[in-house]
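Visitor: For reference, the chains in residue letters:
2 protein chains.
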Amino acid sequence: MRGRGDREHGRVRVLGVDPGTAVTGWGVIEQRGLKFYCLGHGTVATRPGTALAAKLAVIHRALADRCGEWEPDVVALEKSFVGRNVQSAFRLGEVRGVTMLVAANAGLTVAEYTPAAIKLAVTGNGRAEKAQVERAVVRELALKGPVAPDAADALAAAICHLQSARLHALVAGTRAARVAAS
Amino acid sequence: MRGRGDREHGRVRVLGVDPGTAVTGWGVIEQRGLKFYCLGHGTVATRPGTALAAKLAVIHRALADRCGEWEPDVVALEKSFVGRNVQSAFRLGEVRGVTMLVAANAGLTVAEYTPAAIKLAVTGNGRAEKAQVERAVVRELALKGPVAPDAADALAAAICHLQSARLHALVAGTRAARVAAS
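Chains as they are written, first to last, in the working numbering: chain S, 4 to 185; chain E, 4 to 185.
Don't read these hints as lab results, they were simulated from the structure.
Incorrect hints may have been included.
Because identical chains cannot be distinguished in the list, a pair is counted as satisfied if it fits within a single copy or across any two copies.
[Unchecked claim] For lysine to any residue, the following SDA-like pairs were computed, each having C-alpha atoms within a straight-line distance of at most 25 angstroms:
1. K82 with L123
2. K133 with A183
3. K38 with A183
4. K147 with Q90
5. K38 with E74
6. K147 with A134
Only chain S is shown next, with the shape it has when bound in the complex (with noise of 0.2 angstroms):
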């Protein structure tokens, strides 16, 4: 394990989270140059039937868990209000108050992206299938071993926040290049 005191300069650590009720995908990856790395990922599975304040607890401890082994610098969220109803909205909305609050707790920032701009950081198109983002987020990360749909869509969230990262950066040294040659 590579807790953040022992990190390199310039590495930057996400835990991308697809917050669910019946299950939640989380994926760490970490940025070493101008490269990504998946350093793991997998899901949170609840027991169906069980009480939904049980299911968050679940939630709650198993992500708060994975910031405690990873310890990464952000968590990375899909927003995704877009097409859905007033009572899926609501169902989201709790468990991603309980993301929110894991990373809080830890002091992390949380950074959220719509889903197209998820889509396009992955895959360069913002109306991409979900199955193309899946398969985009394996190349990307040279996965081998089988990926569960939730757990890319993590994935996808990670890459989508370093990306913007990058593209910001990347901006803001082209605007300091141009106040130097000035």
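Chain E: place on chain S using the hints.
Guide: Positioned in the frame of chain S, the structure of chain E alone reads:
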């Protein structure tokens, strides 16, 4: 402070919560015999402009502290997704998730009631106005000082839980009496 341990048999203590990202209301009611007593009520306000995750952490800590202080037997919540849009259902869900987590971590059951059920229990009218509900709460609990609207809503949810429990007990009692008589 009266803990769960030293409470007499037949007394039930309910923590009502009215979740909100900006203001979360809470209120503790204890039933002794046929009467309801308000033990405490208040609100948790978060600072505007801070990150949502940080707000959720503030709400989580405050509600966990209230649970520790009052040692309720159950947490009552309004199931209020009716007439709201997807975006606000999402936000509300996030605070609800954190509230349910507090209950689960304290080993408490969460009881949810629709706005109509709460209005009916408190005022006798399922379509009562907000101000009517607030006045009924103040009257029912013989509250002296001012009550914040969100705290009144939290107390209303708690009253609804105790009224429902009483009704269930009555129905069960009637059934038992019928069975005994038959």
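Visitor: Hint by hint, say whether it matches the structure.
Guide: Structure-based check of each hint:
1. K82 with L123: within (14 angstroms within a copy, 36 angstroms between copies)
2. K133 with A183: neither (43 angstroms within a copy, 61 angstroms between copies)
3. K38 with A183: neither (28 angstroms within a copy, 76 angstroms between copies)
4. K147 with Q90: neither (37 angstroms within a copy, 38 angstroms between copies)
5. K38 with E74: within (19 angstroms within a copy, 51 angstroms between copies)
6. K147 with A134: Answer is within: at 17 angstroms inside a copy they meet the 25 angstroms cutoff, but 61 angstroms across does not.
Violated hints, listed in ascending order, are 2, 3 and 4; each of the other numbered hints is respected by the structure.
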